[in-house]
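Colleague: With chain P fixed as given, assemble chain U onto it according to the hints.
Protein chains in written order, with my numbering: chain P, 1 to 215; chain U, 1 to 537.
Hints were generated in silico from the structure; no laboratory data involved. Idealized CB from N, CA, C, for every residue including glycine. Among these hints, one or two may not hold up.
[To be verified] Label pairs and their in silico Cβ distance ranges: (1) Asp356/U with Leu7/P: 36 to 46 Å; (2) Ile136/P with Gln244/U: 51 to 61 Å; (3) Asp33/P with Lys242/U: 40 to 50 Å; (4) Gln495/U with Trp172/P: 43 to 53 Å; (5) Asp356/U with Thr35/P: 28 to 38 Å; (6) Val31/P with Gly245/U: 34 to 44 Å; (7) Arg339/U with Val27/P: 17 to 27 Å; (8) Ile136/P with Asp263/U: 33 to 43 Å; (9) Ser71/P with Gly245/U: 51 to 61 Å.
[Claimed, not checked] DSSO-like mimics (lysine-lysine), calculated; alpha carbons at most 30 Å apart, straight line: (10) Lys246/U with Lys455/U; (11) Lys292/U with Lys232/U; (12) Lys404/U with Lys464/U; (13) Lys455/U with Lys437/U; (14) Lys246/U with Lys232/U; (15) Lys178/P with Lys264/U; (16) Lys285/U with Lys464/U; (17) Lys145/U with Lys84/U; (18) Lys261/U with Lys178/P; (19) Lys123/P with Lys292/U; (20) Lys292/U with Lys178/P; (21) Lys264/U with Lys408/U.
[Unchecked claim] According to the in silico footprint, chain P covers these stretches of chain U (three or more CB under 8 Å from chain P): (22) 327–335; (23) 514–524.
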Amino acid sequence: MRRLLLLLVCLVSVAARAQEELENPGVVLAVQDRTYRMNSELDIAFTVLPLDAFTKGIGGQISYTYHFSDSIAWQIGRFDYNYNVATGLRTQLQRDFGVNPTAFAQTNWIAGSDFMWTPIYGKFAWLNSSVAHFEIYGLLGLSVANQRISNDIAAGTTSTTFAPGLDFGIGWRFYISKTVSLRLEVTDNVLFSSRGVQNIMVLLLGVSFNFGSTE
Amino acid sequence: MRATLALVLALLSGLALAQGQPAAPPAPQGPPAPAATPQGAPAARTAPAPAAPAPAAPGAPAAQPAAGATPAAAQVAAEKADQKLFDEALQDYFGDKKESAARKLFAYVEGTPPTDENHPWAQYFLARCFIDLGLRHAGAVYLSKVARERANPQVLPRTLEALRTLILVPHDEVLIDEQVFGSLDLGFLPESVSDYANYEQGIVDLRVGNERWANTHFAKLDEESVEASRAKFALLVTRLRKLQGKEVPDEMIEDFLTLSKDDKLTLEARNEARLAVARLRYERKDFEGALKAYEMVQLPSLDPGRATLYLEEAWTRYNLGQLRAAMGLLTTLDAPSFRDQFLPDKYILRALVYRDLCHYLPAKRAAKELTRRYAESLDAIREREDLTLDDRLRRAASSHGSTKRAAKFLESLSLEIEFKARYAGGFGDRLFSQVSKLYDLAYAEGERVYRQRIKESVREEADKLLRAAEQVRLMEYEVGLKLYERIKRGAKLVQPEKETPIGPGQEAFRFDGEYWNDELRSYRVSLPSRCVEEGQL
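Bound-form chain P, shown alone (with noise of 0.2 Å):
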């Protein structure tokens, strides 16, 4: 009895559907010539790398972007300068327990270089009186970090290491005009080094250049 009252509510829906393509038959797309293309992009950002419960990093990243199509583009280089803060927590640990600055690990630069994939490419309206576009984007990559680590913590001794690894993210980008877009972005660095593994989240926020459109 329930499988009978089943198939008939399928056999109704089904119904309807064929009613309603046959009254109204037919899609409509509104097709459109896309207002903003990228080709070439510069882009220099603002970053933070705020995970870090000892340091948070604060730099600037300059990178390069060449975009084959609408929605794949090839991050070619990135290049991120940290300067580290030392957070409350750090902060007390050296003052109120001796533990000597040079203990903690901080990141002085990333570089690195990405695939990225524009699936998302969007339009809303603002205040109704005008349209604004963005597009959304993920982004796949290697990253190298140069980090500062500690050697021997009683003797304060450190060196600096190269830490390879994996990255990835997401973006959102904002175009103003032709020429210049906004980005916002998070990506995480996934670094393989001696000490294990480490995670080192980035967010962005950048302003873009971008030359030689296609159209």
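Modeller: Relative to the frame of chain P, chain U by itself:
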């Protein structure tokens, strides 16, 4: 006295700057004070003291001569009072006290003869007060008085400039276009307005069917002026009307095409020229050419455009066999911006597209939609009721041409009559009753003109509707036959047409009933054909 003159000149220069014009040359522009020269002002003051020397104006305490004074002394006192009142009014005007300024200027205008040198200036500033207070029609009345009376030639250029800005909004066409610009003595006009006046007088001549006289006015226009381009457009339209169904010469289309590229014309006028080209080519069955002209029409960003443009383009595409593109444009016409538009053809065309693609039920439904939607109007026509009472027909008739202008003017008068009530206190009894009288008269006349025009245009719309209803009946009959046609054995669906793929650099947004103004010209319908080919037995 010099101080007074300097004050007036400074104020006038300020006004010129505020209007975005270069400051007027100082000496001759200002209204000279009454006693500036022995010959000028006193001569204008030979008239007796004003009959109504603005007793209501607080700034005119000395308007009434003191008891026991001699008549000459009384006259001098009245002159001084008038001058003081005028100065105070100007101070109020530039001090942004428009109501007070209007009251004093009106008192001055009432209290001085038209020959008074400051009388036209007072009328001019009174008009500007009205315009600034949102009472444009009252302003237009006083500006027209200055333009017609021409008591002071120095006021005229400013007056005509002000009138030129007023004609950009709904206005009394008889008062401004015909009685001022249409009848000005062109010999005395400054260059800045002579082109416009020549153009307007040429247009008046064209309206009464006198192209030769119109040409004499148009010939005086500066070739590089905007008016020259507008005059060419007006001449072409008039010649086109005269053709009345005869073959349109190629040169005429070329002339319209040239005008469509004339940057001196406004975008709207250029679009009109493009539409004219498209329509003429369509009439000659040059659908490809017509489509090119329709595509040339440029709309400002996010402007929905005009329903007629989309409908005409849809018909052109239908005639070119671009059924799906035509259907896309019909989707556009369902947008909220065009929901109130009177477009009976839309239903016919949609039914035709469905019929051609063998979707007979939707075709029948689309055709019936017309009779359903306009049932009340069709009933009203059949019952021979007063068609101006039918909402749809009245709206359709008021949506274009001279009826639209009359309706807009009436609407703006209604709004201004509402505004006027705000100034009952500020204006004082005399000015308020004068303004009320002025608006009552204008409204009555505006309503008469509107009724006269709508009576004719509503009949045209009714004819259009009846013709469409007739086509719907034919369509229903035709589709009915097709619906019950037997399909022969071996018949198969026709090969589906290849749809244009979405190219690189293009984006497709699936339409889900939400209209975006930037998408109105880009709808594409994917509609498979359900027609069958004759089978081979």
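Colleague: Work down the list of hints and note, for each, if the structure agrees.
Modeller: Hints versus structure:
| no. | hint | in the structure |
| --- | --- | --- |
| 1 | Asp356/U with Leu7/P: 36 to 46 Å | holds (38 Å) |
| 2 | Ile136/P with Gln244/U: 51 to 61 Å | holds (60 Å) |
| 3 | Asp33/P with Lys242/U: 40 to 50 Å | holds (42 Å) |
| 4 | Gln495/U with Trp172/P: 43 to 53 Å | holds (44 Å) |
| 5 | Asp356/U with Thr35/P: 28 to 38 Å | holds (34 Å) |
| 6 | Val31/P with Gly245/U: 34 to 44 Å | holds (39 Å) |
| 7 | Arg339/U with Val27/P: 17 to 27 Å | holds (22 Å) |
| 8 | Ile136/P with Asp263/U: 33 to 43 Å | holds (41 Å) |
| 9 | Ser71/P with Gly245/U: 51 to 61 Å | holds (55 Å) |
| 10 | Lys246/U with Lys455/U | holds (29 Å) |
| 11 | Lys292/U with Lys232/U | holds (23 Å) |
| 12 | Lys404/U with Lys464/U | holds (18 Å) |
| 13 | Lys455/U with Lys437/U | holds (27 Å) |
| 14 | Lys246/U with Lys232/U | holds (21 Å) |
| 15 | Lys178/P with Lys264/U | holds (29 Å) |
| 16 | Lys285/U with Lys464/U | holds (22 Å) |
| 17 | Lys145/U with Lys84/U | holds (24 Å) |
| 18 | Lys261/U with Lys178/P | holds (27 Å) |
| 19 | Lys123/P with Lys292/U | holds (29 Å) |
| 20 | Lys292/U with Lys178/P | holds (27 Å) |
| 21 | Lys264/U with Lys408/U | holds (27 Å) |
| 22 | 327–335 | holds (count 3) |
| 23 | 514–524 | holds (count 6) |
Every hint from the earlier list agrees with this structure, and none is contradicted.
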